[in-house]
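Colleague: So you can see what is in the structure, the chains are spelled out below.
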Amino acid sequence: MNRSVKDTASEFPAVAGRLNAVPSQSPGYWTLVRKRLMRDPVTLIAAAVLVLIVLSAIFAPLLAPYDPFMGKITQRMKPVGFAGHLLGTDETGRDMLSRLLYGGRLSLTSGIVPVAIALAVGGFLGISAGFFGGPVNSVIMRVTDIFYAFPSILLAIAICGMLGTGLFNTLVSLTLVFIPPIIRISESVTTQVRSLDFVEAARASGARPFALMRYQVLPNVLAPILVYATSLVSLAIILAAGLSFLGLGVSAPAAEWGLMLNSLRQMIYIDPLLAALPGVLIFLTSMCFNLISDGLRSAMDVRLKL
Amino acid sequence: MLSFTIRRLLQAIPILLGVSILVFLMVQMIPGNALDLMLPSDAPKDLIEKMKAEYGFDKPLWQQYLRWLWMLLHGDLGVSIFDSTPVAATLFDALGNTFVLAIPAAVLGFGLGIFFGVTAALNNGKAADKALSMVSITGVSLPHYWFAIVLVVIFSVELNWLPAQGMQFDTLPSTVEGLKSMVLPVITLSLIPMGVVSRVVRAAVLEVMSQEFVNTLNAKGLWSRSVLGHILKNAAPATLAVMGLQFGYLLGGSILVETVFNWPGSGNLLNLAIFRRDIPVMQGTILVLAAFFVLLNLVVDVAQALIDPRIRR
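So the protein lines, in turn, are chains A and B.
Just so we're aligned: 89 in numbering that gives the first Met the number 0 is position 90 of the first sequence, and the numbers increase by one with no gaps anywhere.
Just so we're aligned: 234 in numbering that gives the first Met the number 0 is position 235 of the second sequence, and the numbers increase by one with no gaps anywhere.
Hints in this document: simulated from the structure, not taken from any laboratory.
Possibly wrong hints are sitting among the right ones.
Simulated DEER-style distance windows between Cβ atoms [what the hints assert, rightly or not]:
hint	chain 1	residue 1	chain 2	residue 2	range
1	B	Q164	A	P218	51 to 57 Å
2	B	Q210	A	P64	57 to 63 Å
3	B	T170	A	V279	33 to 39 Å
Pairs of lysine to any residue, SDA-like flavour, derived with a Cα cap of 20 Å [unchecked claim]:
hint	chain 1	residue 1	chain 2	residue 2
4	A	K34	A	L221
5	B	K129	A	A46
6	B	K51	B	L38
7	A	K71	A	L96
8	B	K129	A	S297
9	B	K179	B	P103
10	B	K219	B	S209
11	B	K129	A	D293
12	B	K125	A	D39
13	B	K125	A	R38
14	B	K125	A	S297
15	B	K129	A	I44
16	B	K129	A	D300
17	B	K129	A	R38
18	B	K51	B	V26
19	B	K125	A	P40
20	B	K129	A	P40
21	B	K129	A	D39
22	B	K125	A	D293
23	B	K129	A	R35
24	B	K129	A	L283
25	B	K129	A	L36
Computed from a predicted model, the values in this text were never measured in an experiment.
Don't be surprised by glycine CBs; every beta carbon is placed ideally from N, CA and C.
Assemble the whole structure, with the sequences as input and the hints as a guide.
Modeller: See the structure below:
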């Protein structure tokens with residue numbers, strides 16, 4: 000799947016014909032990426048499913064048929080498809096559909112927010128390290144090496160175990176976990192770009208370091224960093240749910256997929272299908288992000304070397 | 000080669016020191032005083048002072064760190080606050096139980112991963128490639144703690160073939176019952192390495208296949224099996240690197256799977272220590288797992304250099 004600009008132009012003869020009068024009017028990089036994505040059914044389906052999950056989490060208060068925190072003690076562990084409760088009820092008689100809808104809010108937040116913050120912080124530090132080199136690089140990268148010495152799950156659990164439970168602590172620990180890998184990848188791609196001719200030309204014309212980083216380096220390193228960050232979101236969602244599954248993340252009675260999985264775990268002998276439901280959503284969401292990351296990777300023609 | 004190994008060994012020392020500082024500082028992040036967790040809230044003042052002196056909490060932070068490091072270097076990880084047993088002995092037993100699962104899981108995951116990755120790359124773009132890519136992306140997207148529950152539902156609850164949890168032997172499995180208790184945890188643990196390794200191997204093999212020397216070998220009429228040998232040898236360093244990382248994750252990430260299967264490994268120990276606020280056990284477990292990860296990466300680097308002399312620089 001390595002298409003060049005030329006291939007794409009020949010695939011759109013109509014466009015190329017109309018533009019014949021204006022020579023060398025080739026479409027921009029991001030236009031190309033968009034066109035390639037539009038012809039990638041797997042990525043499009045993944046994106047559609049993800050949009051559906053995100054929208055249902057945002058509009059949970061409108062969509063949920065019941066209060067996700069209030070259960071009827073007489074209505075416990077009703078099976079999937081039970082009249083009035085489409086997806087059944089949990090061990091304290093709360094409506095599963097409502098809890099799954101609300102659960103998406105916490106699970107998606109704790110998957111996306113840490114990666115977004117880590118992307119900003121780690122991207123800045125990594126690009127700076129790669130761009131300036133020398134002592135700046137040494138300081139940033141040696142500290143990164145130390146964080147990198149911990150397997151990501153271990154680091155998240157360690158930080159959460161020390162800080163205590165709660166959404167905020169989950170976000171802090173996951174952000175800290177994802178900053179080092181983003182620094183690594185940003186530093187490595189920036190090092191490849193910074194000595195290219197157009198950067199030297201801009202430097203020779205008097206551009207200052209931060210202008211160079213913003214206008215010459217950033218556009219050329221954004222694609223690989225973005226692709227990598229998308230795949231990290233999928234990991235973040237699994238990790239965040241895993242933390243609450245262990246009892247280290249958000250605590251009861253919050254509606255969160257990992258926490259629901261944990262409290263329903265005792266019920267696998269009574270209704271295994273019901274107990275497995277929250278995990279299906281964690282899996283589905285994480286899969287969507289991985290598929291989108293793969294789609295972006297081939298559309299942006301990124302080859303990551305980690 | 001020797002000088003590369005020595006250089007790489009020396010590089011690991013500052014990282015190990017940094018790791019020890021980080022683990023030491025993590026404890027300082029715990030809200031409140033470490034002593035408050037050990038003593039009752041109505042403890043007399045002189046007892047508090049005595050305990051402070053005993054644990055060295057009355058000294059400045061850097062002295063506390065050096066004292067802790069000195070103990071570490073003598074193989075002393077301190078004593079559990081919960082039951083006053085030496086941390087090192089408890090941790091050693093637990094690590095053994097973790098390795099009993101991690102090694103077969105690594106063999107299974109890496110074996111399948113390499114096989115899937117190579118097969119997918121050789122069939123690039125065909126149906127087999129697409130099917131295997133789906134398998135590997137599922138492997139990296141599945142929350143393995145959930146997959147563990149699904150396996151328990153199928154094989155323990157519904158079919159009643161395998162035990163749902165627990166380790167049915169002491170150190171090594173010697174009976175059929177013991178082996179049966181390992182099956183579900185090992186399958187669960189092998190899932191992520193299978194997915195990750197197969198994706199990396201596929202990419203590495205495709206990258207090597209696009210190089211010109213492969214064309215040359217084919218053009219010279221070399222047997223396709225010999226060409227495959229050359230391709231695999233060139234894809235080996237990238238594969239080794241990811242296998243090293245994944246083995247480290249198997250140990251560090253064992254906490255979730257060990258919790259589901261109630262397996263008395265290092266992950267379970269860490270989980271218990273967190274809920275008991277047993278700081279020495281927490282510190283010791285995290286430190287030893289991280290140190291092991293650093294050394295593992297070192298071994299991988301040396302192994303890579305053995306295969307590919309260009310890495311020795």
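Colleague: Hint by hint, note whether the structure agrees.
Modeller: Hint check results:
Against the hinted window of 51 to 57 Å, the Cβ-Cβ separation of B/Q164 and A/P218 comes to about 52 Å, which satisfies the hint. In this structure the hint that B/Q210 and A/P64 lie 57 to 63 Å apart at CB holds, the actual value being about 59 Å. Taking 33 to 39 Å as the suggested C-beta distance range, the pair B/T170 and A/V279 conforms, at roughly 37 Å. For the given pair, A/K34 sits about 18 Å from A/L221 by alpha-carbon distance, which is consistent with the 20 Å threshold.
This hinted pair checks out: B/K129 and A/A46 have alpha carbons roughly 19 Å apart, not beyond 20 Å. Restraint check for B/K51 and B/L38: the C-alpha separation of about 11 Å stays at or below 20 Å, so the hint holds. Proximity of A/K71 to A/L96 is assessed by CA-CA distance (about 15 Å); at most 20 Å being required, the pair is judged to hold. A C-alpha spacing of about 14 Å is found between B/K129 and A/S297, which places the hinted pair at or below 20 Å, so the restraint holds.
Using a Cα cut-off of 20 Å, the hinted pair B/K179 and B/P103 holds, with the two alpha carbons roughly 13 Å apart. Distance restraint check for B/K219 and B/S209: the Cα-Cα separation of roughly 17 Å lies within the 20 Å cut-off, and the hinted pair is therefore satisfied. Simply put, B/K129 and A/D293 have alpha-carbon atoms about 13 Å apart, close enough for the 20 Å limit, and the pair holds. Note on B/K125 and A/D39: the hinted pairing holds, with a Cα-Cα distance of about 16 Å set against a maximum of 20 Å.
In summary, the hint linking B/K125 to A/R38 is supported, as the alpha carbons are separated by about 18 Å, within the 20 Å threshold. Annotation: proposed proximity of B/K125 to A/S297 holds, straight-line Cα distance about 16 Å (limit 20 Å). Pair hint B/K129 plus A/I44 holds up; C-alpha atoms about 16 Å apart against a cutoff of 20 Å. A distance of roughly 18 Å separates the Cα atoms of B/K129 and A/D300; the hinted pair therefore holds under the 20 Å criterion.
Proximity of B/K129 to A/R38 is assessed by CA-CA distance (about 17 Å); at most 20 Å being required, the pair is judged to hold. With a CA separation close to 16 Å, the supplied pair B/K51 and B/V26 stays within the 20 Å bound. Between B/K125 and A/P40, the direct Cα distance comes to roughly 16 Å. Compliance with the 20 Å bound is thereby established for this hinted pair. Only pairs whose Cα atoms come within 20 Å are accepted, and B/K129 paired with A/P40 is accepted, the gap being roughly 13 Å.
Restraint check: the Cα-Cα separation between B/K129 and A/D39 comes to about 14 Å, which is no more than 20 Å; the hinted pair holds. For the hint linking B/K125 to A/D293, the alpha-carbon distance of about 17 Å falls within 20 Å, and the restraint holds. For a cut-off of 20 Å, the pair hint linking B/K129 to A/R35 stands: about 18 Å separates their Cα positions. Taken as a hint, the B/K129 and A/L283 pair is honoured in the structure, with Cα atoms around 19 Å apart against an allowance of 20 Å.
Proposed proximity of B/K129 and A/L36 is supported: the alpha carbons are some 18 Å apart, at most 20 Å.
Going through the hint list in order, the structure satisfies each hint without exception.
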